[in-house]
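Chains as they are written, first to last, in this note's numbering: chain A, 104 to 644; chain B, 104 to 644.
Please keep in mind that the hints were generated in silico from the structure rather than gathered at the bench. Glycine included, every Cβ here is placed at the ideal spot set by N, Cα and C. Some hints here could point you the wrong way.
[To be verified] Result set (BS3-like, lysine-lysine): computed pairs, CA atoms no more than 25 Å apart in a straight line:
#  : chain 1 : residue 1 : chain 2 : residue 2
1  : B       : K243      : B       : K110
2  : A       : K109      : B       : K343
3  : A       : K109      : A       : K243
4  : B       : K110      : A       : K445
5  : A       : K110      : B       : K343
6  : B       : K445      : B       : K110
7  : A       : K110      : A       : K243
8  : A       : K343      : A       : K110
9  : A       : K343      : B       : K109
10 : B       : K343      : A       : K445
11 : B       : K445      : A       : K343
12 : A       : K343      : B       : K110
13 : B       : K343      : A       : K343
14 : B       : K445      : A       : K445
15 : B       : K445      : A       : K110
16 : B       : K109      : A       : K445
17 : A       : K109      : B       : K445
[To be verified] Cβ-Cβ distance ranges computed for the label pairs, FRET-style:
#  : chain 1 : residue 1 : chain 2 : residue 2 : range
18 : B       : Q318      : A       : A418      : 51 to 61 Å
19 : A       : S217      : B       : Q216      : 50 to 60 Å
20 : A       : T478      : B       : G611      : 31 to 41 Å
21 : B       : L451      : A       : N309      : 58 to 68 Å
22 : A       : T478      : B       : L348      : 53 to 63 Å
Number of protein chains: 2
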Amino acid sequence: PREGWKKGGQMLSVLLSVNVLLLASTLISSGAFNKVAVYDTDVFALLTTMMLLTIIWILFYIFRTSRLPDAVPYLDSHAGPIWLQGGLILFGVCTLVMDVFKTGYYSSFYECQSTIKILYPIIQAIFVIVQTYFLWVSAKDCVHAHLDLTRCGLMFTLTTNLAIWMAAVVDESVHHEHSHTASSTYALLTSDEQAGSTVEEACPCNTTFCQVFEQGYFYLYPFNIEYSLFASTMVYVMWKNVERLIGPSHDHGHGHSHTPTFASLFRETFFIGPVLGLLIFVVGLGIFIIYEVQVSGDTSGTHQALVLYYSFNIACLGLMTLVSLGGSIIYRFDQRTMDQHKNPTRTLDVALLMGAALGQYAISYYSIVAVVGGTPRDLLGGLDLSYSLLMIAQHIFQNVFIIESLHRSPPVIHGNSPNEPIHGLTYANRDALQTLPDYPSTPGLVDSTPAGPQEAVTIISAPQKNWRSKCLKDISLFLLLCNVILWVMPAFGARPQFNNNLELDFYGYSLWAAIVNICLPFGIFYRMHAVSSLLEVYVLS
Amino acid sequence: PREGWKKGGQMLSVLLSVNVLLLASTLISSGAFNKVAVYDTDVFALLTTMMLLTIIWILFYIFRTSRLPDAVPYLDSHAGPIWLQGGLILFGVCTLVMDVFKTGYYSSFYECQSTIKILYPIIQAIFVIVQTYFLWVSAKDCVHAHLDLTRCGLMFTLTTNLAIWMAAVVDESVHHEHSHTASSTYALLTSDEQAGSTVEEACPCNTTFCQVFEQGYFYLYPFNIEYSLFASTMVYVMWKNVERLIGPSHDHGHGHSHTPTFASLFRETFFIGPVLGLLIFVVGLGIFIIYEVQVSGDTSGTHQALVLYYSFNIACLGLMTLVSLGGSIIYRFDQRTMDQHKNPTRTLDVALLMGAALGQYAISYYSIVAVVGGTPRDLLGGLDLSYSLLMIAQHIFQNVFIIESLHRSPPVIHGNSPNEPIHGLTYANRDALQTLPDYPSTPGLVDSTPAGPQEAVTIISAPQKNWRSKCLKDISLFLLLCNVILWVMPAFGARPQFNNNLELDFYGYSLWAAIVNICLPFGIFYRMHAVSSLLEVYVLS
Numbered sequence: 104p105r106e107g108w109k110k111g112g113q114m115l116s117v118l119l120s121v122n123v124l125l126l127a128s129t130l131i132s133s134g135a136f137n138k139v140a141v142y143d144t145d146v147f148a149l150l151t152t153m154m155l156l157t158i159i160w161i162l163f164y165i166f167r168t169s170r171l172p173d174a175v176p177y178l179d180s181h182a183g184p185i186w187l188q189g190g191l192i193l194f195g196v197c198t199l200v201m202d203v204f205k206t207g208y209y210s211s212f213y214e215c216q217s218t219i220k221i222l223y224p225i226i227q228a229i230f231v232i233v234q235t236y237f238l239w240v241s242a243k244d245c246v247h248a249h250l251d252l253t254r255c256g257l258m259f260t261l262t263t264n265l266a267i268w269m270a271a272v273v274d275e276s277v278h279h280e281h282s283h284t285a286s287s288t289y290a291l292l293t294s295d296e297q298a299g300s301t302v303e304e305a306c307p308c309n310t311t312f313c314q315v316f317e318q319g320y321f322y323l324y325p326f327n328i329e330y331s332l333f334a335s336t337m338v339y340v341m342w343k344n345v346e347r348l349i350g351p352s353h354d355h356g357h358g359h360s361h362t363p364t365f366a367s368l369f370r371e372t373f374f375i376g377p378v379l380g381l382l383i384f385v386v387g388l389g390i391f392i393i394y395e396v397q398v399s400g401d402t403s404g405t406h407q408a409l410v411l412y413y414s415f416n417i418a419c420l421g422l423m424t425l426v427s428l429g430g431s432i433i434y435r436f437d438q439r440t441m442d443q444h445k446n447p448t449r450t451l452d453v454a455l456l457m458g459a460a461l462g463q464y465a466i467s468y469y470s471i472v473a474v475v476g477g478t479p480r481d482l483l484g485g486l487d488l489s490y491s492l493l494m495i496a497q498h499i500f501q502n503v504f505i506i507e508s509l510h511r512s513p514p515v516i517h518g519n520s521p522n523e524p525i526h527g528l529t530y531a532n533r534d535a536l537q538t539l540p541d542y543p544s545t546p547g548l549v550d551s552t553p554a555g556p557q558e559a560v561t562i563i564s565a566p567q568k569n570w571r572s573k574c575l576k577d578i579s580l581f582l583l584l585c586n587v588i589l590w591v592m593p594a595f596g597a598r599p600q601f602n603n604n605l606e607l608d609f610y611g612y613s614l615w616a617a618i619v620n621i622c623l624p625f626g627i628f629y630r631m632h633a634v635s636s637l638l639e640v641y642v643l644s
Numbered sequence: 104p105r106e107g108w109k110k111g112g113q114m115l116s117v118l119l120s121v122n123v124l125l126l127a128s129t130l131i132s133s134g135a136f137n138k139v140a141v142y143d144t145d146v147f148a149l150l151t152t153m154m155l156l157t158i159i160w161i162l163f164y165i166f167r168t169s170r171l172p173d174a175v176p177y178l179d180s181h182a183g184p185i186w187l188q189g190g191l192i193l194f195g196v197c198t199l200v201m202d203v204f205k206t207g208y209y210s211s212f213y214e215c216q217s218t219i220k221i222l223y224p225i226i227q228a229i230f231v232i233v234q235t236y237f238l239w240v241s242a243k244d245c246v247h248a249h250l251d252l253t254r255c256g257l258m259f260t261l262t263t264n265l266a267i268w269m270a271a272v273v274d275e276s277v278h279h280e281h282s283h284t285a286s287s288t289y290a291l292l293t294s295d296e297q298a299g300s301t302v303e304e305a306c307p308c309n310t311t312f313c314q315v316f317e318q319g320y321f322y323l324y325p326f327n328i329e330y331s332l333f334a335s336t337m338v339y340v341m342w343k344n345v346e347r348l349i350g351p352s353h354d355h356g357h358g359h360s361h362t363p364t365f366a367s368l369f370r371e372t373f374f375i376g377p378v379l380g381l382l383i384f385v386v387g388l389g390i391f392i393i394y395e396v397q398v399s400g401d402t403s404g405t406h407q408a409l410v411l412y413y414s415f416n417i418a419c420l421g422l423m424t425l426v427s428l429g430g431s432i433i434y435r436f437d438q439r440t441m442d443q444h445k446n447p448t449r450t451l452d453v454a455l456l457m458g459a460a461l462g463q464y465a466i467s468y469y470s471i472v473a474v475v476g477g478t479p480r481d482l483l484g485g486l487d488l489s490y491s492l493l494m495i496a497q498h499i500f501q502n503v504f505i506i507e508s509l510h511r512s513p514p515v516i517h518g519n520s521p522n523e524p525i526h527g528l529t530y531a532n533r534d535a536l537q538t539l540p541d542y543p544s545t546p547g548l549v550d551s552t553p554a555g556p557q558e559a560v561t562i563i564s565a566p567q568k569n570w571r572s573k574c575l576k577d578i579s580l581f582l583l584l585c586n587v588i589l590w591v592m593p594a595f596g597a598r599p600q601f602n603n604n605l606e607l608d609f610y611g612y613s614l615w616a617a618i619v620n621i622c623l624p625f626g627i628f629y630r631m632h633a634v635s636s637l638l639e640v641y642v643l644s
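Chain A extracted, bound-state conformation:
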């Protein structure tokens, strides 16, 4: 009864994880409301304890698996691909910088802060180093030793990462809210502000160093958030792979070793996709800077900045929708077989893409209801409506394109899998062969043609295949660059949802802030995840 016990072991670790996660989220959400008598030191203490426990478990795991010779008999070749590993290290380094800033910020008024606030970033730095090393070394492991302990340990690591992610998202939202209430006329959260100001009065952040540190660590938050999510997905795949048996047939090289280089970029694309994408990226960056400058100034420039922002986004989203649709149409003519193998990494990727898109969908639907139901119908309302509708369409078509791409088998080198060209050629060749005597003229399909015709197939179908593959590579690169700029804008603080006042007037500040602050982190994560998936599509095409 192997499978049965597998589910039992998974169930126990899931129960552990769910309960710890709920406790953490209760504390974090209670701590976010200043009215409530839960202080952020409680949250910091809980998170620090969880990170310490995780570090101990990781060290134990590394020590044990190095001792036991048959603890890891199989490696999952799909798990921990190079772009995930690379992203993890990049975001890990940024998180370390953030931790330095945070330690500096809290050290600036050491005398009136509790020790845990300075301890927290230091422990987090150690945690990030240990965990990144651990995932670099063992992300592909299919563990077969200490099953229950390993499952619980991995689930606990996952829970720790998710708790850190939640804490970071909540902290960032509270920060945005503070800066919003400070700069605008909305003063609904007066009790919140008062509580914050009493702390600030006792320990003012006056020195230049302190203010630089504070600014710096809030700009680095998006990287910390992404680090936690990247680590979570990799740990989840490891957890799924515990006790997994992989046959040798599953391991026939899926082209994963074929990493994209700059030279191959010239050879393998039409060069339109990357150029157009880069153009949009640069224009978008410019518009983002103009927008931020205009909005943070006086209110006279806000309307113009919003029109500019929405126009660029509508153009970009429209193009992306059309291009994704084009990609899906190309697949309609593609005869490659679908990959049927069990693949936890891909299943998770698809689930995350579909799930994370829900956040952006929700914001868009609320916007649509607000614009349609609201009374003043002006230019900004129309732009907002088109933007929301196109956002939904773009997510749908991009998801369809990516999911279809990930399920294709990698291209076969010798053309024996596509049916269509073989048929055509078989007929053509038979005409030639029928001039020879003794050839049977049965009008049917020749299944196992000898070597001669098959070589001809390769020569004939190769350019067509190449053309299609080049097109797909162009599409994926274009979409990738567009997703990067659409990630940069909200991740670094563009919030047109709060500046255009349409939804704000319709729903009221507290309700609309709750909707955006809960849903937008998922939308940002979607962009990030789409980038990594599109990189995979580029390699596989």
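Based on these hints, arrange chain B on the given structure of chain A.
Then chain B, alone, in the frame of chain A:
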């Protein structure tokens, strides 16, 4: 590429469903906040349209599958078991009664209501009748015709049911909130109340008939909520079964035809479980009535009523935890193999049990934080803390017990699967046989013993097996009855969370009301679903 296309078809229907559902939930949640300019007539119009479309699709489906001879080549024997079907009809009938009440209520002030409010319950009644017939006839179908259309139709039906469920939950929460603000001193939602009272002033509900109708339809809401969820689970299983191929090996009678009768109750249990369960049920009902009477009166009796309520719940939950734990221990000695077959119904059951428990977990963790973090530590705080902790423990152990039960293969009639008794007997018999000449004295296990010893095995192991099975049946019946009373209390309006003022003072009214109103419906659904799962455990044991 069958599987690949299957996923593609599923993806399209999921995308359709997600978008419609998000639109509906946006409108419903906007409509719930009276400040927002979305009126409930918009919500009613959307739901009515969705129900009409679903009715049309169902009629089309029934018509088409009756014409096409090979549209449904297989039936899934696990789908739509008898208790789900029975529950669906029971709740369907209650929903019809509710619709009559609702039509009567809205007809009472016909002149100043829009027509859609009277049309809505009438259409809902037709919808319930058509859908119940549809699920009664075709819940087991594995459809193989019009794949994409069927998938989209089923997903749309699912979406309609979920939207009705959401609307009912929101409507009930708003009603509870109104009666709460009317009866207590909390008047935070003044704007909400004012908007409600202006409508009521124009069209007063003065007649006795009208008031009876209003009271009646709010008491029947829990059944409507359960009806939607039952229908949703059955439709989801149908959707999973579209294009499924079932081999003949999967269909070896899983004992599902063995429905429990009253006579078999006497034969198959020790009779302790049902008696103890009934006792708790009756006592609980009495305490529930006392609680409701005391709380709705003046505030002097509230404290006493709460102590009574919490004491009963602590006793009941403690017993249930111990009994579930006992059941899991019995399984440790059970040598039955685990059932490995793919079974969408069971997978969904397990996911729903684990998922619905999250609602109660969340409430409990928030209570724990409030009690531990709050300052006044009195008797009520201690009771609340024990209640919350036991609630979490009970959910965990009951889930473990139910999930383990559902994964067991049904008992084998002739004792050839348990290893233990056979071994013991083989040795015993060999001693006897060794007195005979020419018997080889190899000290090993005899695998295929002749007919004689095997009959002896059946006789010897039968009472032990019977004892274990009886014990499990007692446990499942006891848990079932306890779950029924724990369902009745919150479903019919017991809200100790709002009466004990502990969490209310800690979190403030609006936050705590949001937490409870979002999470409690899942908790109530959990009880309902646990009852149906425990009935299945009873039959399978």
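Results for each hint:
no., hint, in the structure
1, B:K243 <-> B:K110, "holds, 21 Å"
2, A:K109 <-> B:K343, "holds, 23 Å"
3, A:K109 <-> A:K243, "holds, 19 Å"
4, B:K110 <-> A:K445, "holds, 13 Å"
5, A:K110 <-> B:K343, "holds, 21 Å"
6, B:K445 <-> B:K110, "holds, 17 Å"
7, A:K110 <-> A:K243, "holds, 21 Å"
8, A:K343 <-> A:K110, "holds, 11 Å"
9, A:K343 <-> B:K109, "holds, 23 Å"
10, B:K343 <-> A:K445, "holds, 18 Å"
11, B:K445 <-> A:K343, "holds, 18 Å"
12, A:K343 <-> B:K110, "holds, 21 Å"
13, B:K343 <-> A:K343, "holds, 22 Å"
14, B:K445 <-> A:K445, "holds, 15 Å"
15, B:K445 <-> A:K110, "holds, 13 Å"
16, B:K109 <-> A:K445, "holds, 15 Å"
17, A:K109 <-> B:K445, "holds, 15 Å"
18, B:Q318 <-> A:A418: 51 to 61 Å, "holds, 57 Å"
19, A:S217 <-> B:Q216: 50 to 60 Å, "holds, 59 Å"
20, A:T478 <-> B:G611: 31 to 41 Å, "holds, 32 Å"
21, B:L451 <-> A:N309: 58 to 68 Å, "holds, 59 Å"
22, A:T478 <-> B:L348: 53 to 63 Å, "holds, 56 Å"
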